[in-house]
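All chains, please: the whole structure from these sequences, using the hints.
Read top to bottom, the protein sequences are chains A and B.
All letters in the first sequence, in the order written, are residues 1 to 256 by my numbering.
All letters in the second sequence, in the order written, are residues 1001 to 1289 by my numbering.
No lab work stands behind these hints: they were computed from the structure.
Since we're looking at a predicted model, the values are computed, not measured.
Cβ atoms here follow ideal geometry from the backbone N, Cα and C, with glycine treated the same way.
Please note: incorrect hints may appear among the correct ones.
Below, simulated DSSO-like cross-link-like pairs (lysine-lysine); rule was C-alpha separation at most 27 Å, straight line [said to hold, decoys possible]: (1) B:LYS1140 <-> B:LYS1023; (2) B:LYS1153 <-> A:LYS128; (3) B:LYS1192 <-> B:LYS1023; (4) A:LYS128 <-> B:LYS1023.
Residues from chain B that keep clear of chain A, each with C-beta distances beyond 12 Å, as calculated [said to hold, decoys possible]: (5) HIS1105; (6) GLY1148; (7) TYR1168; (8) THR1231; (9) GLY1257.
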Amino acid sequence: MTPLLQVEKVSKYYGRRIGCADVSFDLYPGEVMGIVGESGSGKSTLLSCLAGHLVPDSGAVRFDTRADGLRDTVTMSEPERRMLGRTDWAFVHQHARDGLRMNVSAGGNVGERLMAVNARHYGEIRDKAIDWLGRVEISDDRIDDRPTAFSGGMQQRLQIARNLVTGPRLVFMDEPTGGLDVSVQARLLDLMRGLVREMNLSAIIVTHDLAVVRLLADRLMVMKDGHMVETGLTDQVLDDPQHAYTQLLVSSVLQV
Amino acid sequence: MSAYNFAYLDEQTKRMIRRAILKGLAIPGYQVPFASREMPMPYGWGTGGVQVTASVLMPEDTLKVIDQGADDTTNAVSIRRFFERTAGVAVTEATVEASVIQTRHRIPEEPLQAGQILVYQVPIPEPLRFLEPSEVETRKMHSLEEYGLMHVKLYEDISQHGAIATAYAYPVKVEGRYVMDPSPIPKFDNPKLEMEAIQLFGAGREQRIYAIPPFTQVVSLDFDDYPFAPTKADHACDLCGAEDSYLDELIVDDAGGRMFMCSDTDYCLTRRKAGHIGAQGVPYEEASV
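Laid out in C-alpha cells, this is it:
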C-alpha cells in the first residue's frame, strides 16, 4: 500500500535555531496522526513545512498525487503546490479568522474553494454551501451572515466546512480546538471524528491537548526541541510512555 | 510654450512610459509598473491618464477629453486646456475627429475606429484589491491565474441583492488570461471593450499601466445561471431621443421632476444636429440661437 504522505528527514532552521530536525514518518490513507509537544517544540513549524507554507531546509515531503503518484511537494512547482492546497489538501487554522474571509458571508466562504476550481453555477455552489453548513451544524438561515456575527465555535465549524467542501484527502489541523470552551470543544471533536470516518480522511493534527489526540488520532508523535522523541499508537504512547519527556507530558495532565 | 517640453513630460519619462505601454500591449490586461511622475494636478484627477496621453501624443494629433462622457465638465476642460497649452495640439469635441481620446469613466457611444487611441484614467487598477489586501498576494494570484476569489465577490452580490449588483468597474477577463479592472466605466460599456481602437489604462497614484490591443477578446465575468447583462436607465434620452445610449438622470426642480439625457454629450449633440428630438428637447437650431 502506498502511503498518502511520506515525510523524510524534514529539517527547518531559523538561522542557527532549530525549528524541527530530521522528522520522518509515513501517513496512510484514512489514518489520523497526532503531533503533540510543548510550545516551541517545532510542531507548527513541521506542519507548515508539510502543508507547503514553509520551505524546509532539507528533506522531502512526498504526496500521493491523483495523477502521478508520489511526488515531492517541496520541489514541485508553486502552481502545482497551490493547486494541491485548494483541492486535495485542507488546512484548519487555530484561529478561525486566519482561515476565513471575515468580510465575506458564510456561503461565500464555503463556496470560495469551489469557485477556485472553476465552479461557475451559482445555484449549485449555493446548494453545496447549504449542504456543508448543515453537516457542520450551522443552520441554513445563517448562510448570508458574515463570520464576524458567529461565535468562536461556529467560526471554527465554518472553517472546517470551507476546507472540506472540495473533498480533500489530507487535512492539516493546527490546534483546531484551541481557545474554545470545553463543551464546544467536545461537540467539535465529535463532529470532526464523524467527518474523518465518513469521508475516510487522512489528517495530521497538531495540538498540545492530549485529550484531543486520544479521541481523534490513531497514531501519535511526540516532539521536543524540534526532534521527534517518541512515536507509536496513540493508546500505547499515552498509556505506556517510554521517553522521559512523554512521561512528564502525560503526567502533567490535570485530573478533574 | 517653450518653457515646457512638448506635452509637458520630458522625453526620458515619455520613453519610460512608452516602454510600459508596449509591454502592456504585448501582455493584454497585465498591470505594468511604471515610475509615475508628479503632475501639476492632484492624484485622483487623472494623473495616470494624463501621463499616458502625454506619452502617445504627437504634434499632428487631435485630442478629445471626456469626463463621464461629457466634454464640458471641469476635469475634461482643464485637461484639454492643459494639453492645448503644453503641446499645442488641435482639440475637438467630436469623437470621430479625435485621434487620441482621454476618458474618465465612459467609452464614447460612437464606435471607435482603427487608428484611434482611447486613454482611461484609472483610480484602482487591481481588481482583487478589496478582496485580498496584500499586493504581494494579488500579484501571485495574477501570475498563477488563481481567480476564484473574483467570483466570490459576484457570489456575494447575488446572495445579498439577488443579482450581480456590481454596476461599474465590472471585472473582465482579457484574452482568456488576465482578470482586469476596466476602470469605473458602467457595465453598460463592457461589451464595447472589444473594439478596433487601442485602449490604454493609466493609474498615476498606483503607478500601473495596462492595455487592450485592438480586436482583443474581453469577457465580463459571470455565473452560468446569472449571466452578465449590461444595464442602463430604462428610458430614452429626453434631448435627442436616443434609446441605445447610456443616460444620466437629472433632477430639474424641487417637485421631483427629472429628465434623462445622454451622458455622452457629443453623441447627443450630433443626433440633435441631425434632427432627432427627445421628449423634452427643442430643435437644435432654436436652442443654439
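Hint-by-hint comparison with the structure:
1. Of the supplied pair hints, the one linking B:LYS1140 and B:LYS1023 holds, its CA atoms being roughly 19 Å apart against a limit of 27 Å.
2. Distance hint between B:LYS1153 and A:LYS128 is fulfilled; the C-alpha atoms sit about 18 Å from each other, no more than 27 Å.
3. Proximity of B:LYS1192 to B:LYS1023 is assessed by CA-CA distance (about 23 Å); at most 27 Å being required, the pair is judged to hold.
4. Pair hint A:LYS128 plus B:LYS1023 does not hold up; C-alpha atoms about 42 Å apart against a cutoff of 27 Å.
5. For B:HIS1105, the non-interface assignment is confirmed: its Cβ lies about 26 Å from the closest Cβ of chain A, beyond the 12 Å cut-off.
6. For B:GLY1148, the non-interface assignment is contradicted: its Cβ lies about 3 Å from the closest Cβ of chain A, within the 12 Å cut-off.
7. Listed as a non-interface residue, B:TYR1168 keeps its Cβ farther than 12 Å from every Cβ of chain A; the least gap is roughly 20 Å.
8. Under the 12 Å C-beta cut-off, the non-interface status given to B:THR1231 relative to chain A holds; the minimum distance is some 18 Å.
9. Consistency note on B:GLY1257: stated as away from chain A, and its beta-carbon is indeed over 12 Å from all of that chain's, at 38 Å minimum.
This entry does not satisfy hints 4, 6, going by the numbered hints stated previously.
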